[in-house]
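Colleague: Given the coordinates of chain A, assemble chain B with the ligands onto it according to the supplied hints.
Read off the chains here:
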Amino acid sequence: MGEKTEIYSGIRQKTEALLKIKDMSLSFIQYTSGLRQTELKVISGLSMEAHKGEILAVVGSSGSGKSLLAHAILGILPSNAKLEGKMEYCACTLTQEKKEELRGKELALIPQSTTYLDPLMRISDQVIGSVEEENEGLRKKLQRKIFRKYDLKPEVERMFPHELSGGMTRRVLVSTAVISSAKLIIADEPTPGLDDKTLKETLSYFRDMANNGCAVILITHDIEAALKISDKIAIFYAGTILEVANVEDFKNDGEYLRHPYTRALWNALPQNKFQAIKGHQPMQDEVTDGCIFYERCSKKSEFCSKGFPNLKRVNGGLVRCNNVS
Amino acid sequence: MKHAKLGFFLGKKTIKLISLLVVVCFASFWIVEQSPIDPVRAYIGEMSIQSEQKAKLDEYWGVNTPVQEKFFNWAGKLLKGDFGVSLIYRVPVIDVIKEKFTASLILMACSWLISGVIGFVLGIIAGMKNGTWIDKAIKTYCYILTATPTFWLALLLLMVFSVYLGLFPLGFSVPIGVAAANVTLFDKFQHLILPALTLSLLGVAQIAMFTREKLIKVLLSDYVLFAKARGEKGLDLILRHGVRNVALPAITLQFLGFSELFGGAALVEQVFSYPGIGQATVAAGLRSDVPLLLGIVIFSAIFVFFGNLIADLIYEFIDPRLKQKEAML
Ligand SMILES: Nc1ncnc2c1ncn2[C@@H]1O[C@H](COP(=O)(O)OP(=O)(O)O)[C@@H](O)[C@H]1O
Ligand code: SF4
Ligand SMILES: [Mg+2]
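The listed protein sequences derive, respectively, from chains A and B. In terms of this note's numbering, the first sequence opens at residue 58 and continues consecutively. In terms of this note's numbering, the second sequence opens at residue 1359 and continues consecutively.
Worth flagging that the hints you see were computed from the coordinates, not collected in a lab. As the structure is a computational prediction, the values presented were derived from the model and not from experiment. Please note: incorrect hints may appear among the correct ones.
[Claimed, not checked] Sample of chain B residues facing chain A (criterion: CB under 7 angstroms; computed from the structure):
hint, residue
1, 1580
2, 1583
3, 1584
4, 1587
5, 1589
6, 1592
7, 1594
8, 1599
9, 1602
10, 1675
Just so you know, even glycine gets a beta-carbon here, dropped at the ideal spot from N, CA and C.
Chain A with its partners taken away, still in its complex shape:
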């Protein structure tokens, strides 16, 4: 533990960490035939930090467990989930009780899709949320102000979720976080289905939040969108974070990128070499001893198949790879 804390303190930081996660792992208890109990590991050995005033993008392909990471932070995992590791918020241990106390107040989730809105509740009631009667007037005013800011017309207040367009839904979902005045905002895939203009706008909302002092975790599979606004990029792969890079590391030829997977991702971008990565992410039930990227890595060496490499600090970023120094 002590070693890791040191690693983090070594990274170039503008501000203090609001959220720290150390060695988190998440598995699902499943009952297969004959009441045999198996454990499906979805996230393992994940460490990350979110800082005030910064946007941390968590980039990974779909099905890799990103939403579950968000749900774990908020404490809304399904009952068969087993969460391990350490989480700290404002330098205090973040227990389940603490999460329940903080969510809606200091922690906010911007969910992935319109299915997270109650189909039978009017938009304004959903954005305002559950509040005591005496605060309702105040919240209503606040909601109107936010809607004006996000260019949501007054009619939208009385609409139902299915009446919203994709862009409107996104802005409504963002409003739910803004109205809460949360300090840590986790946005889960906020960009799919948006046209260029709405995409830019949505991303700028997150920049605003960070500039107002929030820590923003932006979960996405769209590395290009992430590069546009984030300060740091965490590369999420098969349930863990392989590299935390600063956004500048992606400039030029990507020669500052640390992990072979991040480089492969960089090469796969259309404006670069547009080279797809061969192979696929290991499935959750495939148990690997060594480096989780071993099968697909072009730089692997023999000892990579034995033991998962530790998180190392390299060049103001973090990386989990044996062949980087």
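Modeller: Relative to chain A, chain B with the ligands alone:
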């Protein structure tokens, strides 16, 4: 736009009702025609009559007229609103139906409301406490009720409350031997309680199980997860999102249950000698009162049809998600 849609909807339903009634008329007439019912016997009862008179009555009831002609005679009168005369009550069928239906309607409305409210509340509690002993108790209660024959439960309640405890009258909708003018509202109410209770108890099971299942599904939905992520919890969350999303389908189901309600009422009325439409149906069937039987069949078809109509109306016009479809059409 909206009125146009409602007009179109009601027009469609009217056509549906008419074709339903035509089919019901044909079918029920045909079935009655196939059965060995002798209307003359039904009319005269056990009296003996001369063959001359019998021939006259045969002609009056059309015993020897061909089926088609009989049907068209009956249908023709029906179109003019003439349902004929009841053989056992000896008054126009329409009057019998009016009186009996009113009595039954009170009974059915009471149990419909009570079973709906209690069933819904039980379902919400069970769904909320999914897996706990409360949930198990409610589920067990519902399974037992579903497996209980209506008449058996009716008899049981009758025995316990009327015979042993003497709390309620034994039967009929009014006290025996009291002139109609002297029957108080309280009397009527007292005679209503046990039959209504029986019907309600039975109706609870279906709606409670349905509400429970629905609520459990809602509680696993993304929007409840998000509500939790925003700090909502406990009863407040159930009321804000659970009840809101379960109420409409539950009410719809309750309206769709009109046919079962009618069937249940027939049995319960029989046991409690409650003079409603159910009892009249049984009497008409057992004593071959063809005009009354056909009249009741038609009216009960209309009754059930309206239950379904209301259920459809709720789905098409009250659920905001379906309102949207109209805009896209
Ligand atoms: N309740 C659950 N039980 C078992 N496995 C689950 C459960 N919920 C999610 N998973 C698994 O976790 C994986 C990661 O899901 P998710 O976090 O939604 O991925 P992402 O958001 O990165 O697309 C999924 O592939 C799914 O198979
Ligand atoms: S540890 Fe080895 S296998 Fe894993 S990414 Fe680095 S070089 Fe490749
Ligand atoms: Mg996801």
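Colleague: Does each hint fit the structure? Answer for all of them.
Modeller: Comparing the hints with the structure gives:
Interface hint at residue 1580(B): satisfied, since its Cβ lies 4 angstroms from the closest Cβ of chain A, which is below the 7 angstroms cut-off. For the restraint placing residue 1583(B) at the interface with chain A, the shortest Cβ-Cβ distance is roughly 5 angstroms, inside the 7 angstroms limit, so the hint holds. Because the closest C-beta pair between residue 1584(B) and chain A is about 4 angstroms apart, less than 7 angstroms, the hint holds. With 7 angstroms as the threshold, the beta carbon of residue 1587(B) comes within range of chain A, its nearest partner Cβ sitting at about 4 angstroms, so the hint holds.
The closest approach between the C-beta of residue 1589(B) and any C-beta of chain A is roughly 2 angstroms, which is under the 7 angstroms cut-off, so the hint is satisfied. The interface hint given for residue 1592(B) is violated, since its Cβ lies 10 angstroms from the closest Cβ of chain A, which is over the 7 angstroms cut-off. At its closest, the beta carbon of residue 1594(B) sits 6 angstroms from a beta carbon of chain A; the interface hint therefore holds under the 7 angstroms criterion. At a threshold of 7 angstroms, the smallest CB-CB gap from residue 1599(B) to chain A is about 5 angstroms, leaving the interface hint in force.
Interface restraint check for residue 1602(B): the shortest CB-CB distance to chain A comes to about 5 angstroms, inside 7 angstroms, so the restraint holds. Here the hint on residue 1675(B) is broken, as its CB sits about 14 angstroms from the closest CB of chain A, past 7 angstroms.
Checked against the numbered hints above, the structure breaks hints 6 and 10 and satisfies the rest.
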